[in-house]
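So the protein lines, in turn, are chains H and R.
Residues in the first sequence are numbered from 301 upward in steps of one, following this note's numbering.
Residues in the second sequence are numbered from 301 upward in steps of one, following this note's numbering.
No wet-lab data here; the hints were simulated from the structure.
Mixed in with the good hints, there may be bad ones.
Copies of one chain are not kept apart here, so a pair can be met inside one copy or by any two copies together.
[Said to hold, decoys possible] Dumping the calculated DMTMM-like pairs for lysine to aspartate or glutamate here, alpha-carbon to alpha-carbon at most 25 Å:
| id | residue 1 | residue 2 |
| --- | --- | --- |
| 1 | Lys393 | Asp451 |
| 2 | Lys706 | Glu527 |
| 3 | Lys637 | Asp662 |
| 4 | Lys306 | Asp459 |
| 5 | Lys650 | Asp662 |
| 6 | Lys306 | Asp574 |
| 7 | Lys323 | Glu536 |
Protein chains: 2
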Amino acid sequence: MFKINKNYLNLRGSYLFSTIAKKVEAFTKENPDKKVIRLGIGDVTQPLTPTILKALHNAVDEMGKAETFHGYAPDLGYSFLREAISKHDFEEKGIQIAPDEIFVSDGAKSDSGNIQEIFSTDCKVAVCDPVYPVYVDTNIMSGRTGKWVGDDSTGKWSDVIYLPCTEETNFAPELPKEIPDLIYICSPNNPTGSAMTKDQLQKWVDFANENKAVIIYDAAYEAYISEDNVPHSIYECAGARSCAIELHSFSKNAGFTGVRLGFAVVPHDLKDSDGVELHSLWARRHGTKFNGAPYIQQRAGEAVYSSEGQKEVKGLVSYYMENAAMILKGLKEAGYKVSGGVNAPYVWLKTPDNMTSWDFFDHLLKHANVVGTPGSGFGPSGEGYFRLTAFGTHENTIAAMERISKM
Amino acid sequence: MFKINKNYLNLRGSYLFSTIAKKVEAFTKENPDKKVIRLGIGDVTQPLTPTILKALHNAVDEMGKAETFHGYAPDLGYSFLREAISKHDFEEKGIQIAPDEIFVSDGAKSDSGNIQEIFSTDCKVAVCDPVYPVYVDTNIMSGRTGKWVGDDSTGKWSDVIYLPCTEETNFAPELPKEIPDLIYICSPNNPTGSAMTKDQLQKWVDFANENKAVIIYDAAYEAYISEDNVPHSIYECAGARSCAIELHSFSKNAGFTGVRLGFAVVPHDLKDSDGVELHSLWARRHGTKFNGAPYIQQRAGEAVYSSEGQKEVKGLVSYYMENAAMILKGLKEAGYKVSGGVNAPYVWLKTPDNMTSWDFFDHLLKHANVVGTPGSGFGPSGEGYFRLTAFGTHENTIAAMERISKM
Numbered sequence: 301m302f303k304i305n306k307n308y309l310n311l312r313g314s315y316l317f318s319t320i321a322k323k324v325e326a327f328t329k330e331n332p333d334k335k336v337i338r339l340g341i342g343d344v345t346q347p348l349t350p351t352i353l354k355a356l357h358n359a360v361d362e363m364g365k366a367e368t369f370h371g372y373a374p375d376l377g378y379s380f381l382r383e384a385i386s387k388h389d390f391e392e393k394g395i396q397i398a399p400d401e402i403f404v405s406d407g408a409k410s411d412s413g414n415i416q417e418i419f420s421t422d423c424k425v426a427v428c429d430p431v432y433p434v435y436v437d438t439n440i441m442s443g444r445t446g447k448w449v450g451d452d453s454t455g456k457w458s459d460v461i462y463l464p465c466t467e468e469t470n471f472a473p474e475l476p477k478e479i480p481d482l483i484y485i486c487s488p489n490n491p492t493g494s495a496m497t498k499d500q501l502q503k504w505v506d507f508a509n510e511n512k513a514v515i516i517y518d519a520a521y522e523a524y525i526s527e528d529n530v531p532h533s534i535y536e537c538a539g540a541r542s543c544a545i546e547l548h549s550f551s552k553n554a555g556f557t558g559v560r561l562g563f564a565v566v567p568h569d570l571k572d573s574d575g576v577e578l579h580s581l582w583a584r585r586h587g588t589k590f591n592g593a594p595y596i597q598q599r600a601g602e603a604v605y606s607s608e609g610q611k612e613v614k615g616l617v618s619y620y621m622e623n624a625a626m627i628l629k630g631l632k633e634a635g636y637k638v639s640g641g642v643n644a645p646y647v648w649l650k651t652p653d654n655m656t657s658w659d660f661f662d663h664l665l666k667h668a669n670v671v672g673t674p675g676s677g678f679g680p681s682g683e684g685y686f687r688l689t690a691f692g693t694h695e696n697t698i699a700a701m702e703r704i705s706k707m
Numbered sequence: 301m302f303k304i305n306k307n308y309l310n311l312r313g314s315y316l317f318s319t320i321a322k323k324v325e326a327f328t329k330e331n332p333d334k335k336v337i338r339l340g341i342g343d344v345t346q347p348l349t350p351t352i353l354k355a356l357h358n359a360v361d362e363m364g365k366a367e368t369f370h371g372y373a374p375d376l377g378y379s380f381l382r383e384a385i386s387k388h389d390f391e392e393k394g395i396q397i398a399p400d401e402i403f404v405s406d407g408a409k410s411d412s413g414n415i416q417e418i419f420s421t422d423c424k425v426a427v428c429d430p431v432y433p434v435y436v437d438t439n440i441m442s443g444r445t446g447k448w449v450g451d452d453s454t455g456k457w458s459d460v461i462y463l464p465c466t467e468e469t470n471f472a473p474e475l476p477k478e479i480p481d482l483i484y485i486c487s488p489n490n491p492t493g494s495a496m497t498k499d500q501l502q503k504w505v506d507f508a509n510e511n512k513a514v515i516i517y518d519a520a521y522e523a524y525i526s527e528d529n530v531p532h533s534i535y536e537c538a539g540a541r542s543c544a545i546e547l548h549s550f551s552k553n554a555g556f557t558g559v560r561l562g563f564a565v566v567p568h569d570l571k572d573s574d575g576v577e578l579h580s581l582w583a584r585r586h587g588t589k590f591n592g593a594p595y596i597q598q599r600a601g602e603a604v605y606s607s608e609g610q611k612e613v614k615g616l617v618s619y620y621m622e623n624a625a626m627i628l629k630g631l632k633e634a635g636y637k638v639s640g641g642v643n644a645p646y647v648w649l650k651t652p653d654n655m656t657s658w659d660f661f662d663h664l665l666k667h668a669n670v671v672g673t674p675g676s677g678f679g680p681s682g683e684g685y686f687r688l689t690a691f692g693t694h695e696n697t698i699a700a701m702e703r704i705s706k707m
């Protein structure tokens, strides 16, 4: 008689965004005349840019001729893309990451979910709190998180080390007393929008090397960094090659949420105590459970790094960051305590009058008809906070701020 | 100190196809004048067809306009594609599979590798032997296979139930004495090219239901079936909805090896002893570790089901099956014992003079300059057999047969 993976049964009820969707649906049903503005989900709204569209069309044409047809891609990615990544994301910033250390994938969500698989199930996991829920959920599925202790919004997993990123810590994680084996850091952070400085991150790299821990560094939002002292890659820190895996996405910089392309960096220097390279394990996972990102998508990724492509995607980032600036300004003027929005497309606000995150969600939906995301959905330290995203259109962002100011 | 997933260290040395690549490279270096013909790897060679190219171009155009841009896809797939699949692959064949039971993915390799994750690690696995290596390899990575016992080519994993598919069993698996929990069946089979009849498969469905086992049925080659008594889906068998998951690919029917699209079927009737639906577990895995197949690809998948698309992809299948017929005929005339090639693009031959699979590989490469795949690479019962694929061009297939006949 077959048995299921019982760890799955530990996963907490319905997913954050489906709860939001249900609440919004109920509200619009009751209030058909109200125009709801969504500043909740982290999906982009601006279309792909001309250079990327051209690359996609060209690649499709190639797939239509026997001489230029492309079947199975190399498991780890085409050289043309891995070389472009190595050059533009690393070499030009003075970082040495070889094309061979880059693994092209169908996106950072897959990578951030799958990466835990190459580690022992008894590794102790630490996560920034609040953070992107995939890190904890995928470790629940693998049985690393222990038992749920506490109530729905501020409860915790008994075996997870939480690294609070709150007003008290200036929204950066502090070194924990208990030593973790795997440390998930997302910087600039989703959902807080705050980013670690190079000095702050260097402390974590040193800590990881001292304790033989691995940092899984999610750099999905690096294109939004505007301040000089914030690193674009963990490999800007000395010693990171021997303790860090870095995850990248084309979703937020180039608008690829529906295109699906990302990559992971696993340096050869990252080895376990027996000298086994994590690179070889990840290569084996890629080769066995994945058949490469599509040729068409990889050509689109290459186009992102062309000089025209770079101009265009910087335009996209600027567009969203103008929204972020409007949200920051609007909320400040309306008397809210806010952070983020400078190095990331997320603005993080403290709920007024000690409202819970979900109470503020209901409040904002009812009185401003604006949808945001309750901070408690991202971890226990998110309770009492709320996320607004800059991925809307200018028009909607302006309208939302007007409504909030009148609330 | 972090620890790795030690199961990965149990994976056997270099992968079949990389060993082949190295041997071919060495041969061509020594014999630069010889033109090597590759009938080894299961990759397609014919370009995408016009209707599919049009759908891809249209979808790319949509991604370039804000009004028609598509961001994150629904985790489980767009309705337009799931409905097309439900209608054409199932309803039209008299099978009831609802769109909601279909999970769109980036391909059957990912699905066949990931599906084991929703089961307990102490499930006992049975596999057809020989078979596509991903089933066993992904269970090695999860620790279900025990120890390797025996030599390189005919050794076995101590905890795996092997289901020999050889001349002696007429290339169909027979019910085992030991009861498995998970049963991997690929039919039409890769690499033997043989397909189970409906009666044969019904026995397995009954066996699975009696023993509360789950059949993971890989239908990647169903488009190549030409005989009436061979089922296109396991759900043609009575009772399969309560014991079977079915995996489908667009790679081999529509030439999507480099496009990447597939789907899994998990019926709601498939439940564990506590009544937990596997559907809910697979949905959770999709939602947590995957961000949907790309919009562009899903539109291409939809186009496969249009009437023009169907005509075109049937043309592709016919093209390859003409190759299969030529290979079958050529090998028979040359005195080989052959099977497969009627319901699948693979022809399976018994090596002459009791040669090992690898000896015959070297022999064929040296004397006919033709590359095939050693049967032992697919499992212990593959030793003494050899696979040729029909995915080459007509010209190369004809030339290869001429050379073999003169060998």
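For each hint, the structure was consulted:
1. Lys393 <-> Asp451: So Lys393 and Asp451 fail the 25 Å test inside a copy (45 Å) and across (49 Å) alike.
2. Lys706 <-> Glu527: neither (32 Å within a copy, 71 Å between copies)
3. Lys637 <-> Asp662: within (19 Å within a copy, 73 Å between copies)
4. Lys306 <-> Asp459: both (17 Å within a copy, 21 Å between copies)
5. Lys650 <-> Asp662: within (15 Å within a copy, 70 Å between copies)
6. Lys306 <-> Asp574: Cα proximity of Lys306 and Asp574: across copies only (11 Å, versus 31 Å in one copy).
7. Lys323 <-> Glu536: neither (43 Å within a copy, 41 Å between copies)
Hints 1, 2, 7 from the list above are not met by this structure, while the remaining hints are.
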